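Number of protein chains: 2
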Amino acid sequence: MVHSGVYFKAENLQRTGSFKVRPALTQVFQLSERARTKGIVTSSSGNFAQGAAFAAKCFGLSAKIVMMKSSNPLKVERTKRLGGEVVFCADDFEARQQTVDEIREQEGRAEIHPFDRILVIVGNASIGAEIIEQFPDVEHVLVPVSGGGLISGVACAIKLLKPSVRVYGVQPQGSNATFLSYREQRPVKIDRAVTIADGLMVTKPGKLTFPLIQKYVDEFFLVQEETLLEGVRSLLLEEKLVVEPSAVVTLAAILEGQVTPENTVCLLSGGNVSPELLIQVAGS
Amino acid sequence: MVHSGVYFKAENLQRTGSFKVRPALTQVFQLSERARTKGIVTSSSGNFAQGAAFAAKCFGLSAKIVMMKSSNPLKVERTKRLGGEVVFCADDFEARQQTVDEIREQEGRAEIHPFDRILVIVGNASIGAEIIEQFPDVEHVLVPVSGGGLISGVACAIKLLKPSVRVYGVQPQGSNATFLSYREQRPVKIDRAVTIADGLMVTKPGKLTFPLIQKYVDEFFLVQEETLLEGVRSLLLEEKLVVEPSAVVTLAAILEGQVTPENTVCLLSGGNVSPELLIQVAGS
Numbered sequence: 018m019v020h021s022g023v024y025f026k027a028e029n030l031q032r033t034g035s036f037k038v039r040p041a042l043t044q045v046f047q048l049s050e051r052a053r054t055k056g057i058v059t060s061s062s063g064n065f066a067q068g069a070a071f072a073a074k075c076f077g078l079s080a081k082i083v084m085m086k087s088s089n090p091l092k093v094e095r096t097k098r099l100g101g102e103v104v105f106c107a108d109d110f111e112a113r114q115q116t117v118d119e120i121r122e123q124e125g126r127a128e129i130h131p132f133d134r135i136l137v138i139v140g141n142a143s144i145g146a147e148i149i150e151q152f153p154d155v156e157h158v159l160v161p162v163s164g165g166g167l168i169s170g171v172a173c174a175i176k177l178l179k180p181s182v183r184v185y186g187v188q189p190q191g192s193n194a195t196f197l198s199y200r201e202q203r204p205v206k207i208d209r210a211v212t213i214a215d216g217l218m219v220t221k222p223g224k225l226t227f228p229l230i231q232k233y234v235d236e237f238f239l240v241q242e243e244t245l246l247e248g249v250r251s252l253l254l255e256e257k258l259v260v261e262p263s264a265v266v267t268l269a270a271i272l273e274g275q276v277t278p279e280n281t282v283c284l285l286s287g288g289n290v291s292p293e294l295l296i297q298v299a300g301s
Numbered sequence: 018m019v020h021s022g023v024y025f026k027a028e029n030l031q032r033t034g035s036f037k038v039r040p041a042l043t044q045v046f047q048l049s050e051r052a053r054t055k056g057i058v059t060s061s062s063g064n065f066a067q068g069a070a071f072a073a074k075c076f077g078l079s080a081k082i083v084m085m086k087s088s089n090p091l092k093v094e095r096t097k098r099l100g101g102e103v104v105f106c107a108d109d110f111e112a113r114q115q116t117v118d119e120i121r122e123q124e125g126r127a128e129i130h131p132f133d134r135i136l137v138i139v140g141n142a143s144i145g146a147e148i149i150e151q152f153p154d155v156e157h158v159l160v161p162v163s164g165g166g167l168i169s170g171v172a173c174a175i176k177l178l179k180p181s182v183r184v185y186g187v188q189p190q191g192s193n194a195t196f197l198s199y200r201e202q203r204p205v206k207i208d209r210a211v212t213i214a215d216g217l218m219v220t221k222p223g224k225l226t227f228p229l230i231q232k233y234v235d236e237f238f239l240v241q242e243e244t245l246l247e248g249v250r251s252l253l254l255e256e257k258l259v260v261e262p263s264a265v266v267t268l269a270a271i272l273e274g275q276v277t278p279e280n281t282v283c284l285l286s287g288g289n290v291s292p293e294l295l296i297q298v299a300g301s
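Respectively, the protein sequence lines represent chains A and B. Residue 301, in the numbering used here, is where the first sequence stops; the numbers in between run on with no holes. Residue 301, in the numbering used here, is where the second sequence stops; the numbers in between run on with no holes.
Fair warning: there could be bad hints in the mix.
Copies of the same chain look alike in the list, so a pair counts if it fits in one copy or across any two.
To be verified - Within a straight-line C-alpha distance of at most 25 Å, the following computed SDA-like cross-link-like pairs (lysine to any residue) qualify:
| no. | residue 1 | residue 2 |
| --- | --- | --- |
| 1 | 221 | 111 |
| 2 | 74 | 102 |
| 3 | 74 | 21 |
| 4 | 74 | 277 |
| 5 | 97 | 24 |
| 6 | 86 | 218 |
| 7 | 176 | 237 |
| 8 | 221 | 135 |
| 9 | 232 | 154 |
Honestly, the hints are just simulated from the structure, not real lab data. Computed from a prediction, not measured in an experiment: that's the story for all the values here.
Pulled out of the complex, with its shape left as it was, chain A reads as follows (with noise of 0.2 Å):
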């Protein structure tokens, strides 16, 4: 009753807790038997740690996921509980791919991808796919949009299959790279993300990604922060669902009136929140 008209397709609900599982188990899947029993490694500070542990263990490989020490300590336990062995670096980007090049090189492992790799989009695509098949009526779809490699994926995928569904993507105020690009026709770099929605921290679209959002993505929205606050206190007191606030850009843009909710799908992609957060959304 609360948001008629709307629906959610809730991958808070996804195993590891977000939509990550699906690009990392794209990618274990195509490795060759030979890859395989070297393992895998990748980095990541959020939600794909945990996808590309639990993906490695569903074929028996092991995952080595490197880590900035800095990292939040819950997703680096709950990385550990799906068997990833977490390997820690200095707290910078570079020093993060520099730790993953030297375990490639030295271990032989197969690197896996969070983002901008075609494998990762042929995995996000599956969401897409999805909301066509358990929503027949859909007409509109809402998408968190970070680098893009859900968004592309999700598109492309509805847009095969039923092409008069509206797409959109949405980003927070204080992280709009592949906003900016998307309205300006070129890739923007933006210098720093600051908003509460840790998994959009991307500060440009990827290369693989921006030329499937100009071509199959139909408008672009930017949330503000106070309402992604109100998104997760809403999910969570209304809807009975513990949602993050990254995940919950696209329910703002209708409690902002950006949207006409009607047969509009939310894709809530992951819940993965610290009890901090969710102790200041219920007290609030």
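Once you have looked at the hints, place chain B on chain A.
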């Protein structure tokens, strides 16, 4: 991974946040055209209030819901938001029923009931049928028990459709009337229920429900209060589901090692928790 072998029938995601909308709908659906013009009346301090208001709204009926003055303001607010007209009464069960009786007689409204009516059992049976349909490999089903309206319906449907599936009732230690009745093979009344599971406060099994429980329930368990909070926390942080303590008794039986989790369905009966409880469990 955390609860391997365990599946959830997530009635916390049901309309109005609990299974109670089912028995409300079966009762409203059976009303004559004439009765429908007069509307309904019922009493509840919990989930049935919202279920009844929602059911009335579905059929375009007027609904008066009698609630005690001390009722949780959040539940009052939600009942009103669903279109229910809330009538307050004194803080005891006799006053509550008396108020219902007066309204029924003066306004000619049809009374609908939260438990111990055949149409309640029929409504709840739909959950058992859905479990068999949605999870054909199911072997064990755990059901929260108060006066027995939920489990008698669920057990009837399951034993009709697939008698090899075992059905277990679960009560919290502080509210064990139906557990004691089952063990002693006669209705036992307890003085009062003391538990955080505020949906499981009935102090004796129903007249209609108890014979069905004796006939169709395979075993009964009691769980501890502490395990309820542990279960709410685990579902919140690991499964991204908001579930109320009354509902989590089923998972608690598994967490306590009373049931082997293999093709086991935990019926999560509802998710209407206060923000205060969420803060408590997230912070623990």
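Looking at the structure, which of the earlier hints fail to hold?
Violated hints: none at all, because every hint is consistent with the structure.
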